[in-house]
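Peer 1: Sequence:
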Amino acid sequence: MADIKTFHLPDLGEGLPDATIVEWHVKEGDYIKLDAPLCSMETAKAVVDVPSPYTGTVKKLHGAPGDIIETGAALADFEPDPNAKQRAEAESTGHHHGPKKAEAPAPAPAPAPAAKAATADREDEGTVVGAMVSGNTVHVEQAASIGGVKAVPAVRALAKKLKVDLARVRPTGADGVVTMKDVKDAAANGSAPLGAAPARAVPASAGRHLAPELPQPEPQRGPVSLAGKPVRTAPPSVQASGQPEQLKGVRRNMARVMADAHAQIVPTTLVDDADLHAWIGKQDITARLIRAIVAACKAVPALNAWFDGKNLSRTLHPHVDIGIAVDTEDGLFVPALRNADVLDGAGIRAAIKRLRTSVEDRSIPASELSGYTISLSNFGMFAGRYATPVVVPPTVAIIGAGKLCHDVVAVMGGIEVHRRMPISLTFDHRAATGGEAARFLKALLDDLSLPN
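Just so it is clear: in the sequence shown, position 3 is 3 by the UniProt record's numbering, and no numbers are missing.
Quick caveat, the hints were computed from the structure, so don't treat them as lab data.
Every residue gets a Cβ at the ideal spot worked out from N, C-alpha and C, and that includes glycine.
Hints are all accurate, no fakes.
No more than 30 Å apart at the CA atoms, straight line, and that leaves these computed lysine-lysine pairs for DSS-like: (1) 85 with 33; (2) 59 with 161; (3) 160 with 150; (4) 160 with 181; (5) 60 with 163; (6) 59 with 33; (7) 150 with 163; (8) 33 with 150; (9) 161 with 27; (10) 403 with 298; (11) 161 with 353; (12) 163 with 33; (13) 5 with 27; (14) 163 with 181; (15) 160 with 27; (16) 60 with 33; (17) 27 with 60.
Between beta-carbon pairs, the in silico distance windows are: (18) 339 with 65: 37 to 45 Å; (19) 284 with 223: 46 to 54 Å; (20) 382 with 313: 33 to 41 Å; (21) 407 with 308: 34 to 42 Å.
Using the sequences and the accompanying hints, generate a full structural model.
Peer 2: Structure representation (structure tokens):
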């Protein structure tokens, strides 16, 4: 009887209880080598390749693309090749082969300071993909060659989402690697559609000197049916319904984080307007916001802190790491702008650009999505004046910047029109007093009102 081995989904190092299958790189019956790419999995923060733990034949795949697999659940069954070299049972591989635990998965731990993370033993060490070890080193995703195409998992996931055939995309990256830009360009110009036939069928009019047949547009919904009759509508008492879908990846994690924050935080919000009338010339609004937050953190350190509700303790931070909310189609990311208190305007802009780019192409390491000491949501770049942004534990405060506007302001001897920025400050009232929050907001407004 064949020796069948079941491979359980390992902890991918994200501290999350599940992951979504993006793509299988093999099918049942295929022969695969040790550490060859088995499948791509999407977590809340990245798309990663899961390598094969055996050399042998794939007997069963436990899930299809789009399915959510819990950490520790069966992912694939293998029949190891008895004549091939296999990894020793006692060898530390980083793969967790144990069966799924009966108890509910533990919630994701709160972010820890970088220094502490570097010295403390990680609980998930030895149970993550790729034999990862503790340390501060940032591991960059490597482009795997699958089907003759070199690309990182995030690029393959984007191609699948945009329905682009990677085999038909012209690579521009080093060593023939397909990049995010290559896939987006191919999707924009339609040069590599997925599933396109190599040759189009010859129309009946071929051979005749006629204009080429144009593709017929898809019928659009309207108030009149194809028969020319009014479309029947449902009565007001009948609720409209859609097709439910499972939240996956980033949105799934966002739902968990927001629910957890709502259950723990005691939020209170203060709002006011920053008067920008004294600004000289064109200035970088985001850089000014960052500088103002840093000034306020130095004036009132109580809001640049972490709060532990279980132990009723707080940690005041001497440095300022600001979590910048970045909105994407996949959901909300909050990368950390490290050491904002020592960066100048150019450094702030360069750092934010790098973070946005790494978020968009899903190459940002998990270490840059946690550990911030205070947050900023610049929602005003889209719309809205005031808000009640959500404070995510263990942080104590978040600043919301609304849409710039021109308001009539009363001044000595008359009125003037000033450009102003609405500012919202939400803080955890368990960790900070109303007076501390008000002084923090005043310090922020005072810095924004300066000319330069």
